[in-house]
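K.L.:
Spelled out, the chains give:
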Amino acid sequence: MKQLRAKFCALLASLGLVASVLAQSDAQFVKANQEYASNHFKEAIDEYQTLVHAGEWSANLFYDLGNAYFRSGDFGRAILNYERALALEPHHPEAQANLRIARDEARALELRPSWPERYLQSATVNQYSIAAAVVFWVAAFSITGLILSRQKSARLITLSSFSLAIFGLLAVAIFWIDDTGKGRALAIVTGKETEARVATADNANRVLALSPGSQIKIVQQRGDWLYATLPNNLNGWIPAKSAELVRL
Amino acid sequence: MSTDQTRFGILLAALSAFIVSGYAFAESPSVTAVLSNSEAGVGATVQMEVKVSGANSVEAPDEIKADGLEIHRTSTSRQFEMRNFTTTSSITYTYTVLPLKAGTFEIPPQAIRAGGTSLRTPELTLHVVGSPGRQAAPNRGSSGSNVNPGKLVFAELIVPKKSAYVGEVIPAVVRLGFATRLVSLDGPQIAGQGFTMQKLQGSEQPQVELINGRQFAVYTFKTAIAAARPGKLDIGPVKATARLLVPSQSRSSRSRSPFDTFNMDDFFSDPFFADPFGRSTEKQDVPVESELVTLDVKPLPANPPADFSGAIGNFSMTVDANPKSVQVGDPITVTAAVSGRGNFDRLTAPALEDEHGWHKYPPSAKFKQDDDVGISGAKTFETVLSPNEKKQAISPFVFSFFDPAKEQYVTLKSNAIPIRVEGGAPAAAAVSPPGSATPAPAAAARPAKPTPKPQDILYQLTDRPAHAQSFTPMYARPNFWWGQIIPLLGLLGFIGWKIRQIRVDNREAQRMAALNHESAELMRKLRRTDRSPYQYYLDASRAIQVKTALAKNVEPNVVDVEMAGAAFQLDEDSRRQLRELFARSDELRYSGTQNGGESISPEHRREVLDLLEHLRI
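These protein sequence lines map, in sequence, to chains A and B.
Numbering of the first sequence is given in our numbering, commencing with residue 1 and proceeding in unit increments.
Numbering of the second sequence is given in our numbering, commencing with residue 1 and proceeding in unit increments.
Source of the hints: derived by calculation from the structure; they are not laboratory data.
Predicted model only: the values in this text are computed from it and were never measured.
Backbone N, C-alpha and C fix where the C-beta goes; we use that ideal spot for every residue, glycine too.
Don't take each hint at face value.
[Said to hold, decoys possible] Think about it this way: if two alpha-carbon atoms lie no more than 16 angstroms apart in a straight line, the pair counts; the simulated EDC-like pairs of lysine to aspartate or glutamate are: (1) B:Lys283 with B:Asp186; (2) B:Lys161 with B:Asp62; (3) B:Lys162 with B:Glu407; (4) B:Lys366 with B:Asp345; (5) B:Lys360 with A:Glu117; (6) B:Lys360 with A:Asp104; (7) B:Lys298 with B:Asp186; (8) A:Lys217 with A:Asp104; (9) A:Lys31 with B:Asp345.
[Unchecked claim] Partial pick of chain A residues on the chain B-facing surface, computed with a CB cut under 8 angstroms: (10) Gly55; (11) Asn60; (12) Leu88; (13) Pro90; (14) Glu110; (15) Arg112; (16) Val125; (17) Ser129; (18) Leu148; (19) Glu244; (20) Leu248.
[Said to hold, decoys possible] Using C-beta positions, here's what the derived DEER-type ranges look like: (21) B:Thr117 with A:Val219: 37 to 45 angstroms; (22) A:Thr229 with B:Thr104: 29 to 37 angstroms; (23) B:Arg420 with A:Val30: 47 to 55 angstroms; (24) A:Ala97 with B:Glu382: 23 to 31 angstroms; (25) B:Asp330 with A:Ala97: 44 to 52 angstroms; (26) B:Asp330 with A:Val30: 38 to 46 angstroms; (27) A:Phe162 with B:Gly194: 17 to 25 angstroms; (28) B:Arg524 with A:Arg150: 26 to 34 angstroms; (29) A:Phe162 with B:Gln569: 44 to 52 angstroms; (30) B:Pro478 with A:Val219: 24 to 32 angstroms; (31) B:Arg500 with A:Phe162: 24 to 32 angstroms; (32) B:Ser316 with A:Phe162: 50 to 58 angstroms; (33) A:Ala97 with B:Gln201: 27 to 35 angstroms; (34) B:Glu204 with A:Gly73: 55 to 63 angstroms.
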């Protein structure tokens with residue numbers, strides 16, 4: 001009986017701790033917004049960053065952080081945080097609008113999507129994942145039904161083949177968006193005067209000058225340098241500290 | 001079945017249409033012509049390549065008449081390329097141009113028949129200097145440029161220049177010659193540091209050349225080299241390992257000079273002719289190495305134009321825009337094509353001289369090369385501009401490069417393109433007619449500083465979701481995979497249900513088989529005449545029950561006369577016969593008279609058999 005009571009108390013304590021952490025992060029978010037409203041953008045950035053470091057990620061948090069960076073004149077990080085907001089909620093209307101304005105201000109360069117990406121961008125990776133799971137199970141059920149039926153129905157054969165083909169296409173789409181396209185490798189230039197070079201040396205020939213907020217796709221990292229796909233179908237090395245990945 | 005065939009037909013038709021569309025969208029025939037070098041010495045040959053794309057049947061001249069030059073076609077090759085499901089084919093005609101005297105000569109445009117259309121090559125100019133030993137002479141590194149008659153192989157690295165600028169792309173040719181049969185070739189590779197090099201593009205088929213009275217099969221590999229730093233640069237040597245068929249040392253019966261390794265004293269002692277069936281030859285790995293070539297690399301002059309991005313070569317530029325009449329904010333696509341010869345990989349898009357009042361989007365680039373190594377061709381940039389105010393023209397585009405022949409920076413400047421932009425505030429601009437780009441002083445190329453536009457961002461958002469969001473894609477989250485357990489359990493349940501159904505079906509099939517067997521057995525017994533009345537009527541009533549059970553899928557014991565009559569839709573007369581038969585059977589079974597001596601007449605037996613045989617649905 002004593003043990004049961006102890007367990008119950010521990011449960012209550014944990015719930016209380018969670019509630020207190022949530023309340024604290026809410027208070028911090030409110031405080032950050034107040035700092036922003038008072039034009040204390042540096043303080044607002046610090047408060048928002050604390051929440052980011054605590055893993056309290058949300059599209060609105062990154063959007064607000066992007067606004068704070070925009071107001072403080074750091075367009076590169078503003079664009080980075082708008083991109084993060086859009087990575088969490090691809091149809092976040094405010095983030096889309098402010099990203100466009102920030103890009104105009106920073107004259108940031110964008111990666112041109114390849115033709116498969118242009119077609120595949122109509123849905124998100126998560127939507128493709130759900131569709132792929134549904135189609136997979138339809139295929140699994142129809143193939144099982146086909147195997148365990150005495151008479152092989154043409155409808156069941158067609159459904160199995162069709163759902164397997166769709167599943168394959170969806171799997172390719174997921175891989176393409178997440179791995180080949182602007183997925184996990186997408187990064188934003190945050191450095192002020194970043195120049196992509198042909199080799200990993202500050203005096204190597206210049207490939208492209210990248211404005212803050214320009215999109216790049218990281219191919220590999222070597223020491224303090226990143227080899228990246230750049231806008232205008234170029235490739236080059238940039239200092240690792242000059243860019244940050246969109247996905248955390 | 002016919003529906004399936006129709007579906008398959010539709011699928012096949014769609015696939016065919018897709019494949020055919022790849023050909024349908026293939027580009028229309030086009031022709032390009034380039035010289036391997038624009039300068040040559042008298043007697044030193046240069047290559048001219050005429051490439052015809054997008055045509056299957058092509059007619060090109062075997063020789064070309066040009067004053068001071070002797071031009072003969074030496075080879076033809078065909079390439080196929082499939083890109084984005086679009087197939088393109090091209091035919092490349094290689095001509096050898098032999099300058100006969102010094103001077104500047106024009107190779108006139110040549111008419112090429114490609115499919116049903118007639119194409120013309122561009123006019124090419126070749127500068128011929130007095131002797132091949134002067135500046136036009138290539139920089140050669142050879143293991144035997146004066147090929148040693150005693151050697152079976154030679155390697156040669158030909159670089160057409162002795163000095164170059166940092167970043168300047170120089171074509172280089174590697175020639176490997178073999179006087180004996182080549183089995184396989186590992187390499188070649190060009191050794192050296194301080195330069196970048198394109199992948200070596202080799203010919204599949206060798207050309208046979210007579211060098212110092214001996215026939216050599218010569219394989220040619222092309223590449224382009226660009227120096228990365230100034231100073232003396234050693235290129236090469238070219239190294240390769242060739243596996244050759246050489247005469248077998250042990251089986252050779254001919255006497256030969258101790259100084260002649262391969263018994264090369266007379267023509268017919270060549271291992272190529274030693275034994276056509278290879279009985280007295282053996283494979284031997286022979287290393288091949290050329291001498292190195294030294295290049296004097298100069299740094300680029302100081303004070304490049306502001307928009308210089310590292311382009312080195314000789315280029316021309318054309319700029320056009322479409323559409324030319326828009327509203328403020330509408331997009332205009334500006335196409336700038338930079339063509340010529342040089343380091344196209346370093347070419348960036350021409351810059352808009354005055355960006356004021358324009359919103360400029362990042363340009364896209366497409367390169368179409370005219371040679372094997374990508375130093376000759378045209379790079380087309382498409383830039384989308386959007387006017388923020390009323391405009392009368394798109395200001396000139398500027399493009400700067402370093403011309404190594406003139407040894408100075410050149411800035412190309414296009415003319416302003418007159419357009420009409422309606423709506424918004426008016427803006428004045430001086431307009432000159434559009435056309436091709438003209439070189440301008442480098443200082444004039446500096447683009448004007450853009451004017452910042454006043455824009456403001458949207459408000460802060462104060463609400464937060466109850467749970468933190470994640471960047472991890474759904475398929476990589478554990479919850480997604482745990483969620484798959486539900487349909488997995490459903491699938492396992494479905495499998496169990498199907499298996500149970502199969503078992504039930506099997507039991508039913510076994511029961512039906514047993515009933516069929518019993519029915520057949522009973523009919524066989526009823527045809528016999530030695531059965532007692534008791535046995536006979538018992539079997540007859542049981543046969544009716546079994547047949548009815550088979551027809552109605554019920555247990556035989558529950559079958560009575562009415563059920564049997566209804567199952568087989570019997571008329572009243574037959575039902576009466578059944579009643580009598582069942583009554584007689586019950587009487588004999590329960591009255592205790594089963595051992596009596598009463599017999600059944602044959603007519604009665606026939607009637608009963610007829611009745612039983614007609615019990616069918």
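K.L.:
Output the numbers, in ascending order, of every earlier hint that fails for this structure.
P.N.:
2, 5, 7, 8, 9, 13, 19, 22, 25, 27 and 33
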